[in-house]
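A.B. asks: Input sequences plus hints: build the corresponding full structure.
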Amino acid sequence: MTTPLRRRQVLGLGLAGLGTAVVGPLLWDRLQRSAARAQPAGAARLASRGGVADLELVAQATRGSLPGGPAELLTYNGRSPGPLLEVNAGDRVRLRLRNELRQPTNLHFHGLHIPPTGTADNVFLSVPPGGSFDYEFTLAKDHPAGLFYVHPHQHGLSADQVFGGLSSALVVRGDLDRIPEVAAAKETVLVLKDFASASGQEAAMGVGRMLGREGPLLTVNGAINPGLAIPSGGLLRLRLLNASNARMYRLALEGHSLVLIATDGGAIATPEPLDELLLAPGERADVLVQGNQTPGSYRLLNLPYQRSGHMGMAAAEDAPRTLATLSYAGTVPPLPLPKALIPVPALPKPERTRRFVMAHAMGTGMGGMKHDMGAMGGGGMAMGGMGMGFQINGQAFEPDRIDTRVALGSTEDWLIVNDDVMDHPFHLHVNPFQVISRAGRPESQRRWKDTVLVKAGEEVRIRVTFRDFPGRTVYHCHNLDHEDLGLMGVLQIE
Amino acid sequence: MPVTSYRSASCGCCKGWVQHMRANGFAVRDVVVADVAVIKRRLGVPARLASCHTAEVAGFALEGHVPAADVKRLLQKRPPLAGLALPGMPLGSPGMESAYGKEAFTVMAFTRTGAISSFSQHAK
Ligand SMILES: [Cu+2]
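Those protein sequence lines, which keep their order, are chains A and B.
Numbered by this note's numbering, the letters in the first sequence go through residues 1 to 494 in order.
Numbered by this note's numbering, the letters in the second sequence go through residues 495 to 618 in order.
No lab work stands behind these hints, which were simulated from the structure alone.
Don't be surprised by glycine CBs; every beta carbon is placed ideally from N, CA and C.
One or more hints might be untrue.
Here are the simulated distance ranges between beta carbons [stated by the list, open to error]: (1) A/E276 with B/V532: 46 to 52 angstroms; (2) A/G156 with B/V526: 44 to 50 angstroms; (3) A/I402 with B/A528: 34 to 40 angstroms.
Sample of chain A residues at the chain B side, in silico, Cβ under 8 angstroms [unchecked claim]: (4) V357; (5) A361; (6) M388.
C.D. replies: Set out below in structure tokens:
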């Protein structure tokens, strides 16, 4: 027996608190679960209580339909995106992952400053089909407040699993939430995610694994063009997560500035009004929207973005697309923007600089042969290597090889060089960094980041202090197809 | 049959295609250019069919990792086309051989007016 779910139950994250918000036409109007597990989707939000978060995520394949035909979606607790997880700085977090997929999976706590080992942010462990694992860690009392991201990190399958629908937003409450103007704002988490069409035709048009798969269906919290409400005079805090596999979001809200208050790792020092905001896969941003325009409807747009240099590849869209629609509803006494947020201290002088060069190339298993691969007659694999893939400093990912050793407590500059014809968003686990310069130009404001877009042909200098936690972790491209195709390195903090 | 191939210096896969064409009997001139997009525009390659490198043979445009067998069929039949394109960089296409896997792909044909149709299908 299958149980058709009601529309509202399918929404991964409810737009609760938005009053008269109109939910747009749903992606899955008649989501059906397999007979073996006919049960309603779990709660839309799972939160900690009394300093302890007891959470469970069940990864499963869920039969549903996309416009154009039936499809199998990957869900946590029957939802895509999965439930919104909400915890406080200082909490003990216990999270049981149950794997009901037909393939191994695991979890990465993207952006959290917790150990990379044991039962914490350990991406080297793997939960087999039918198995479960109890993640357990404590967030520091001074862990920055922010929007973080829980998703699979099973090497070789990360892209399939995230593109298929596995992701949950994780809110850590703390410092930023206590700033009065921020606390007064109405808050909503927006998980931005594209899905393949039922036909999968787009892959045949070139947006395959090498460029990173994009889907034509743009959803926000699992819905197509949902409504958002703002009272006249009020403030809306949009908490944005790019949970897509490869798609870039170049966001603009008609008639309104997006006032940036937080990046990946938490608050910035001073609010910064932006006309548009570029969000690469894995990146997050908090923005405030002021309800100071003529009441009406305004579209949150995704503007065209070219992510393959000047070459024209992956130019799937040439017109803006609507992600959500903001409508005015009601009136409140005007709320001011915050004047200052939380200082972002400068990091210590770096002890050394390392260089990481990202590119696609024919691998030989003996380092890169980027410009000599013609000698292999187009058959690089005949040489015993991996053939075409992505590399950092001429080497594709090997889980058992340590690529970079750093000292616990030290500070380093990393020069991330994109020597490729397409963009690569670079992500470092466990420790947040600050971007020092892009293409030789210094950054205007210090921000905590864990993922930074390095455009085709560009160089970005980041600075990071390896604090608190020794152990083995990774850095990689957050275009997850690129990660699965080798663009990842192993970092040992000791 | 002489082929002229245009690629950017930083692309890690275009030379593999050049080698594939040479191995199949084509005399290929391998030209490194600063901006491949200029060539794509000159040859009328539709933006949505773009790949990394672009080549020219007997007045036809060849966009991306088009298999030599398809090029030979094109030259035998000489249909009223502007050229062939394999959009993106599918894994497993000529010059894109990979232990990470193969993708199915479709070689597209395009005309001078920008009409696009399927030319050949290649299974995984
Ligand atoms: Cu990448």
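A.B. asks: Now tell me if each hint is right for this structure.
C.D. replies: How the hints compare with the structure:
1. A/E276 with B/V532: 46 to 52 angstroms: violated (28 angstroms)
2. A/G156 with B/V526: 44 to 50 angstroms: violated (34 angstroms)
3. A/I402 with B/A528: 34 to 40 angstroms: holds (38 angstroms)
4. V357: violated (11 angstroms)
5. A361: Status holds, d = 4 angstroms.
6. M388: holds (4 angstroms)
Hints 1, 2, 4 from the list above are not met by this structure, while the remaining hints are.
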